[in-house]
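Residue numbers (the working numbering), protein chains in the order written: chain U, 19 to 370; chain Y, 19 to 370; chain W, 19 to 370; chain C, 19 to 370.
Each hint should be verified, as a subset may be incorrect.
Identical chains share a label here; the pair holds if one copy fits it or two copies do between them.
Keeping only pairs whose Cα atoms sit at most 30 Å apart, straight-line, the calculated DSS-like set for lysine-lysine is [to be verified]:
(1) 115 <-> 327
(2) 93 <-> 134
(3) 327 <-> 240
(4) 327 <-> 288
(5) 237 <-> 327
(6) 356 <-> 240
(7) 226 <-> 327
(8) 288 <-> 226
(9) 356 <-> 237
(10) 327 <-> 35
(11) 35 <-> 134
(12) 134 <-> 69
(13) 237 <-> 93
(14) 69 <-> 327
(15) 35 <-> 237
(16) 240 <-> 288
(17) 115 <-> 134
(18) 35 <-> 356
By construction, these hints were calculated from the structure, which means they are not laboratory data.
Chain by chain, the residues:
There are 4 protein chains.
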Amino acid sequence: MRGYGMFSVGNPGWLDKERPACGPLDAIVRPTIIAPCTSDTHTMHGGSGPKENLILGHEAVGIINEVGPDVTRFKPGDYVVVPACTPDWLQLGIQNKISFSHDAGPFGGFKFLGQKDGVMAEYFHVNQADANLAPLPEGVSPEAALMTVDMMSTGFYGAEMAEVAYGDTVVVYGIGPVGLMAIAGAALRGAGQIIAVGTRPASIEVAKDYGANAIVSYKEGKVAEQILELTSGGPNKTIIAGGNPDTFAEAIAITREKGFIANINFFDVKDILSFPAMTWGLGMADKTIRGGFCPGGAERLNALMRVIKYRNFDAERIISHRFHGFDAMEEAFHLMDKKAPDLIKPIVYTGE
Amino acid sequence: MRGYGMFSVGNPGWLDKERPACGPLDAIVRPTIIAPCTSDTHTMHGGSGPKENLILGHEAVGIINEVGPDVTRFKPGDYVVVPACTPDWLQLGIQNKISFSHDAGPFGGFKFLGQKDGVMAEYFHVNQADANLAPLPEGVSPEAALMTVDMMSTGFYGAEMAEVAYGDTVVVYGIGPVGLMAIAGAALRGAGQIIAVGTRPASIEVAKDYGANAIVSYKEGKVAEQILELTSGGPNKTIIAGGNPDTFAEAIAITREKGFIANINFFDVKDILSFPAMTWGLGMADKTIRGGFCPGGAERLNALMRVIKYRNFDAERIISHRFHGFDAMEEAFHLMDKKAPDLIKPIVYTGE
Amino acid sequence: MRGYGMFSVGNPGWLDKERPACGPLDAIVRPTIIAPCTSDTHTMHGGSGPKENLILGHEAVGIINEVGPDVTRFKPGDYVVVPACTPDWLQLGIQNKISFSHDAGPFGGFKFLGQKDGVMAEYFHVNQADANLAPLPEGVSPEAALMTVDMMSTGFYGAEMAEVAYGDTVVVYGIGPVGLMAIAGAALRGAGQIIAVGTRPASIEVAKDYGANAIVSYKEGKVAEQILELTSGGPNKTIIAGGNPDTFAEAIAITREKGFIANINFFDVKDILSFPAMTWGLGMADKTIRGGFCPGGAERLNALMRVIKYRNFDAERIISHRFHGFDAMEEAFHLMDKKAPDLIKPIVYTGE
Amino acid sequence: MRGYGMFSVGNPGWLDKERPACGPLDAIVRPTIIAPCTSDTHTMHGGSGPKENLILGHEAVGIINEVGPDVTRFKPGDYVVVPACTPDWLQLGIQNKISFSHDAGPFGGFKFLGQKDGVMAEYFHVNQADANLAPLPEGVSPEAALMTVDMMSTGFYGAEMAEVAYGDTVVVYGIGPVGLMAIAGAALRGAGQIIAVGTRPASIEVAKDYGANAIVSYKEGKVAEQILELTSGGPNKTIIAGGNPDTFAEAIAITREKGFIANINFFDVKDILSFPAMTWGLGMADKTIRGGFCPGGAERLNALMRVIKYRNFDAERIISHRFHGFDAMEEAFHLMDKKAPDLIKPIVYTGE
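Next up, chain U with everything else stripped away, as it sits in the complex (with noise of 0.2 Å):
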């Protein structure tokens, strides 16, 4: 079968690989819209070592090819939502309720790219389809669906682990389409004023949509500097969804005591984050600072879409370019890698 991917770090292309075979338990998908993501040209590039004759891909929607005999709730032909984290949840590290996304190691239910071939493919597989798939609901459309597979799940996370409250004061840094999810989810949660930092005027149109008061950008000053003016004295939220080491160090100094600044960014493997002491009360002013992956499994998918339909929320808003055919993957992808001034978020018609 064909696949879009990596040759080698640096290479990317269509790959021809062996049709993935289907365990007891498991389901082989073939994909129906699938969306590049930045850690598909991350790890092109190289971001998380290197990797040869990888498909990449890793948020998908499609429609079940073939199952395993212990599979008991999908059967081919059913439409299903892929979750970009697919946890094998017989591993013990399920059992520590933090976080089912390290199943087994840090990121160990990060199965697509990171141990297999991923969805930018005629057919995908999926491990434990039983507890990893969510069927599409009615009400829901297959593209909102899409968005849920991480862009939605991690960004919403965000603000889960920032504990958003009613009425906190929250400012997300990144207006990707992660950041935007983090705004909607910090709005969700009953959020009080909510400051966005960025500057692509695509996304400050959804960063408002979704429940921004206002933007900042470095263009009209120092960030932090308008930060603080904005909320009197720092935000007691803050979610890291763009930026770099230094947004790090910000996000730490602006929040206040009792504060929780949550990270959904990925730094890169070189990447040192460093802070003084003396914006973090000298190690004592009770600011909780984490750092977490994408929550995968398919009960994640299915409150995500329960929020889309009866909240009536408009997770597809982000979806700024549409392709179709499976061949335009390499298009979508291509364009992904060079973040056109206008791009939130592709997404690709396979035309199946």
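With chain U's structure known, arrange chains Y, W and C on it following the hints.
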């Protein structure tokens, strides 16, 4: 000064009393808008035991007339929002973080009605003004602010005690003003499907505007059966904001294993709450049952008013009747007592 | 193979059944030591409805006889500790973190007795061995390990549900083996005063060793009155590990506002649980009522065995009777059923 | 009156100052036993900026000399235990439940040293006596009580911030008095293996008595490597109670995914805290980093003293030196400053 209240149980009317004295940390406030509450009529009817010569009312916004010498954040003339629950922050119960409402013994923080005259008077007393009064912020109407002091604080507390999370299926029993606020509170925490139980047409409209996806009425059949069908087996969160002991038993029965039942309903002193052990998994289904009192203090109101301001939450939406003139308190009180069919929440502009 | 169990309700005895088959993820275990439990005798008497030809028993340690082809962490000959509750980790209920015990519907994780034969047999079946079995660690005796699978896991869960914190005043109703473990669990969470309610001399001694500071008996006067006096007004945490519906009502009444009532007692299918609204602050005293089931899975046992090993916790202390030989299961079972006065917990060495 | 403190940075000595005045809610206390702390010597050396004519000391028990007219729970002659952190309970920061220590801005509740003279004087001032002072309970020695006011409150807070649960593997960096209390706090929350990092022989002995299962010293090799070996890959909870920025980085590196790093160490104003993103899972390993300040208030001490009383916790065990006479404060202070090799915690009986 004049105040509306009760001479004795069952005997409401206008009282003439001394203006309250102002302690060093306290404030004397002249109400500009007050809202009678069922707790006031309930108290008049003897629901909380024998009481005499008591001015009623515990929901008010107003203008400060006098502050004690140790008050630092307020001065006469300030427009303030007054929480229904004004804890004594020096009591040891404050140091148990579960709830500040019970500052010393149960409900110790509920000073109005419980320990002194209420707000339906020319002047009323607020203890520890700096910690209990909230300034009216720009962008929030006095009427919306008035809705935070009890209705919104109590209703939202229902959603908080139920730990409503993204996508949760929530049932709210009762669509009086507190139940409506519980619906809004659940929606503002990102609930999935919200089902409200009630019959009053005026309230049903607000329930839908506030986020209810379905309304269940006993007139259409057994309430529990309708809920089980709508939710395919029961909600995982249930908020009781109205009803009787049967409602309590039903709430436990319909809620799924691992769910939460949060009560914000005032039961009667004579009520016996009971439920079959079977519906609670013989004591082992991991269903949590909570019941709590309106959170008070200045920061609670500040947070809720930020929700109004930044989430565009229409807290005034529950106001069904507006009366004008100090003397109209009497009519508003009787309307509340009779529960007119189109009543949700009345307010009275005192003319101050 | 032979197994001890019930032909029908009220009709216990030795059964001859087929040896259970081993699925690809499963294990077949030969018990070396088993412990009968009141749940077993309760089931025999029909407490959980009609059952036929069922081997009883759900507390065992043993040696693996066979593993399925997909088991990776265990092999025949391994000495293993078997949780009473062995969830199916692929069920969606697992993804609700409140408790893994209810994997699909209430108590879905309780496979022994509920869904298949128990452990009082020559061989028994364990589903998903990798996720459910714990190896016996160095420094923990098999007998102590056996006490973790239900008694310690359930008793400690009582202290967890009660959120026992440093210095909390805790009452534990019932000093059977689970109540004793709740006492130990409370002490191991840093409780302050611990008061145990019970009368059996053998248990009282263990209760004191495990951390009870006072013992209250109905023989010395009204239990509630004695507790209120000892605690100057009631505990803030109460664990129910024995008793009847009156105990439930009393636990709610004595617990202070903002306190927790945690139930680990199996009530009867016919029990009605009831309490006066007054004792629950008319529904608003912020008293949390919980009731949950023995947490299962491998990591639960691993954690509890680390407590035994590193805190020098004497889990064997509750073992009051030791029987030898496979056939002694019958005598141990009858002892359990009769509740001999000096009984706490019996175990049977099978001779394996 | 006389008091020991600092004339200016680097210039300690005896000061002559006015006896503090007593406000209406306050108390004036004569210390009977005080304990110097490294925060005192640190302040003298300029660690918290320039200060002049300041009496030092923030750990004391004593006898009330005078109370304000609005104090209701205490009277002259009462023996009281004084928290190091005495929040102003009327500040709005109190209403954020994360920590009462930061009543208004970071460390607002730390009045001694920060906002007024300390306790190493003939008389000292306590704000809001009813909410901040704890009576010395029967069954607790004054010396043990003295150990609760900062050492035990701070050390145990480390275990609380780390959310130590049954069976957790815990590393504690630092075995000064606070680190020792963190070890005890972890043991009293039911930790599994506890590993302490330190070298001082006197402290090592106490560490073992308090529950440490292993001691790691840099003298035996790289600390991180030793820990990784002892724990088969790292602890899931790490408490930093001593060390420098390298300790902070190491703590993050060794702690497993989903673990907690809790800091109770005072870093220097010039310190930069930094760690490689890799060791934090590139920002996504769900490792929580917290750092907080000694919880204060009366109820904190009441709870800790109940632990001493009912768990037989030997809080005096960390006292290594006992001085007698008011003037001995000077010697004790200098001992603290020099950190004699056999020093853990000195106390001074004032002769009152």
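Within a copy, between copies, both or neither: which one fits residue 93 and residue 134 at a CA-CA cutoff of 30 Å?
Classified as both; 23 Å inside a copy, 28 Å across copies.
Worksheet item: Is it within, between, both, or neither for residue 35 and residue 356, if the alpha carbons may be no more than 30 Å apart?
Response: Intra 27 Å, inter 67 Å, cutoff 30 Å: intra-copy only.
Item to check | Alpha-carbon proximity context of residue 356 and residue 237, limit 30 Å | outcome: within (22 Å within a copy, 52 Å between copies)
field: Within, between, both or neither, where residue 237 and residue 93 count as close if Cα-Cα is 30 Å or less
entry: This pair counts as neither: shortest intra-copy Cα distance 53 Å, inter-copy 41 Å.
query: Quick one: residue 237 to residue 327, C-alpha cut-off 30 Å, is that within a copy, between copies, both, or neither?
result: between (38 Å within a copy, 27 Å between copies)
Given a CA cutoff of 30 Å, do residue 240 and residue 288 count as a within-copy pair, a between-copy pair, both, or neither?
Classified as both: same-chain Cα gap 26 Å, cross-chain 23 Å, threshold 30 Å.
**Prompt:** Quick one: residue 35 to residue 237, C-alpha cut-off 30 Å, is that within a copy, between copies, both, or neither?
**Reply:** Neither: 47 Å inside a chain and 54 Å across chains, both beyond 30 Å.
#### Entry: Homomeric proximity label, residue 69 with residue 327: Cα distance no greater than 30 Å
Neither way: residue 69 and residue 327 sit 39 Å apart in one copy and 43 Å across, limit 30 Å.
Intra/inter-copy verdict for residue 115 and residue 327 if alpha-carbon distance must be at most 30 Å: both (27 Å within a copy, 23 Å between copies)
query = When no copy is specified for residue 134 and residue 69, does a C-alpha distance of 30 Å or less occur within a copy, between copies, both, or neither?
reply = Cα proximity of residue 134 and residue 69: one copy only (11 Å, versus 47 Å across).
TODO: Can you give me the call for residue 288 and residue 226, within, between, both or neither, at a CA distance of at most 30 Å?
DONE: Neither: 34 Å inside a chain and 39 Å across chains, both beyond 30 Å.
* With identical chains treated as interchangeable, where does the CA-CA distance between residue 115 and residue 134 reach 30 Å or less: within a copy, between copies, both, or neither? -> For residue 115 and residue 134, the Cα distance is within 30 Å both inside one copy (25 Å) and across copies (28 Å).
Of the hints listed earlier, those the structure fails to meet are numbers 4, 8, 10, 13, 14 and 15, in rising order.
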